[in-house]
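Chemist: Input sequences plus hints: build the corresponding full structure.
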Amino acid sequence: MIGRVFSIEEFSIYDGPGIRTTVFFKGCPLKCTWCHSPEGQSFEKEILKSPNGCLECKCCEKVCENYPNCILCEKCIKACPRNLIRVSGTDYTAKELATLLRKNFKILNMNDGGLTFSGGEPLSQGKFILELIKGIKGETSLAIQTSGYGESKLFKEIINNLDLVLFDMKIMDSKKALEFEGVNNQLILDNLEILKNSATPFIIRIPLIPTIIDTEENLTEIINKIKGSKNLIQVELLPYNKFAGSKYALAKKEYKPNFDESIESNPHLDLFEKHNIKVRVL
Numbered sequence: 000m001i002g003r004v005f006s007i008e009e010f011s012i013y014d015g016p017g018i019r020t021t022v023f024f025k026g027c028p029l030k031c032t033w034c035h036s037p038e039g040q041s042f043e044k045e046i047l048k049s050p051n052g053c054l055e056c057k058c059c060e061k062v063c064e065n066y067p068n069c070i071l072c073e074k075c076i077k078a079c080p081r082n083l084i085r086v087s088g089t090d091y092t093a094k095e096l097a098t099l100l101r102k103n104f105k106i107l108n109m110n111d112g113g114l115t116f117s118g119g120e121p122l123s124q125g126k127f128i129l130e131l132i133k134g135i136k137g138e139t140s141l142a143i144q145t146s147g148y149g150e151s152k153l154f155k156e157i158i159n160n161l162d163l164v165l166f167d168m169k170i171m172d173s174k175k176a177l178e179f180e181g182v183n184n185q186l187i188l189d190n191l192e193i194l195k196n197s198a199t200p201f202i203i204r205i206p207l208i209p210t211i212i213d214t215e216e217n218l219t220e221i222i223n224k225i226k227g228s229k230n231l232i233q234v235e236l237l238p239y240n241k242f243a244g245s246k247y248a249l250a251k252k253e254y255k256p257n258f259d260e261s262i263e264s265n266p267h268l269d270l271f272e273k274h275n276i277k278v279r280v281l
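So the sequence shown is residues 0 to 281, counted in the numbering used here.
Hints may be right or wrong, so weigh each one.
Within a straight-line C-alpha distance of at most 25 Å, the following computed PhoX-like cross-link-like pairs (lysine-lysine) qualify [as the list claims (entries may be wrong)]:
| id | residue 1 | residue 2 |
| --- | --- | --- |
| 1 | K277 | K226 |
| 2 | K30 | K224 |
| 3 | K224 | K152 |
Pairwise CB distance ranges, derived in the manner of DEER restraints [what the hints assert, rightly or not]:
| id | residue 1 | residue 2 | range |
| --- | --- | --- | --- |
| 4 | N65 | E138 | 20 to 26 Å |
| 5 | F10 | R279 | 17 to 23 Å |
| 6 | K44 | K174 | 31 to 37 Å |
Quick caveat, the hints were computed from the structure, so don't treat them as lab data.
A virtual CB, placed ideally from N, CA and C, is assigned to each residue, including glycine.
Modeler: Dropping the structure here:
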């Protein structure tokens with residue numbers, strides 16, 4: 000089985016406890032308008048070209064086998080004199096990826112860290128991740144960061160083989176979820192119940208998108224869904240990143256948030272504290 004990864008970030012401190020290696024799997028079925036990883040949205044390999052520092056020398060165009068319609072011949076990568084071009088998407092077998100990741104396990108374990116699967120949406124490559132997990136389980140701490148949008152039977156099997164789940168919660172209203180995330184959120188809520196009924200510890204992560212997710216009504220609905228969960232560690236709030244659109248030019252995409260990003264997000268910490276839910280702002 001083959002898995003497709005768009006980035007491997009070593010020595011991360013934001014994707015779970017301790018120092019971690021985070022593997023970002025390519026492709027996501029959601030279409031969140033605030034997404035800050037355009038290179039992880041498509042399931043296909045892509046050519047990324049940084050516009051910053053480009054000499055406009057046209058070397059990349061001259062060597063291209065099918066300009067301007069990319070067929071991933073990848074000749075432009077070596078042709079660029081400033082190394083501004085790269086491919087988003089590398090394929091591995093589970094055994095190949097495990098071998099690559101093992102080289103840091105010793106130092107990760109010494110720093111109470113481990114390995115985190117992220118994306119894109121890692122559940123979209125859940126069968127590959129499950130194969131990978133079974134090959135390395137017990138060697139380091141394993142976690143997943145997910146929107147929860149994935150086939151429930153596979154989700155349950157994956158989380159039962161992990162040490163930690165970082166579960167994103169966004170819009171609770173189904174109509175608004177469809178508008179801003181592009182999917183029906185019922186599957187996410189169903190998988191949240193599976194997680195709550197499991198023995199796997201979890202952290203809820205909430206991106207504070209102004210006027211969309213950070214409203215008192217929406218956050219209260221999230222709290223009502225998670226309060227009392229025996230395996231809930233804490234809630235982590237992520238303020239809106241106003242530089243979210245900065246990478247879109249790399250993938251020749253346009254950033255079009257359908258909300259007012261000039262408004263400061265509101266964490267409403269009092270709502271969580273009222274229900275004795277441990278919360279922190281990242």
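Chemist: Each of the hints needs a verdict: does it hold here or not?
Modeler: Going down the list of hints, with the structure as the test:
1. K277 x K226: holds (10 Å)
2. K30 x K224: holds (23 Å)
3. K224 x K152: holds (21 Å)
4. N65 x E138: 20 to 26 Å: violated (43 Å)
5. F10 x R279: 17 to 23 Å: For F10 and R279 the Cβ distance comes to about 21 Å; the hint holds.
6. K44 x K174: 31 to 37 Å: holds (34 Å)
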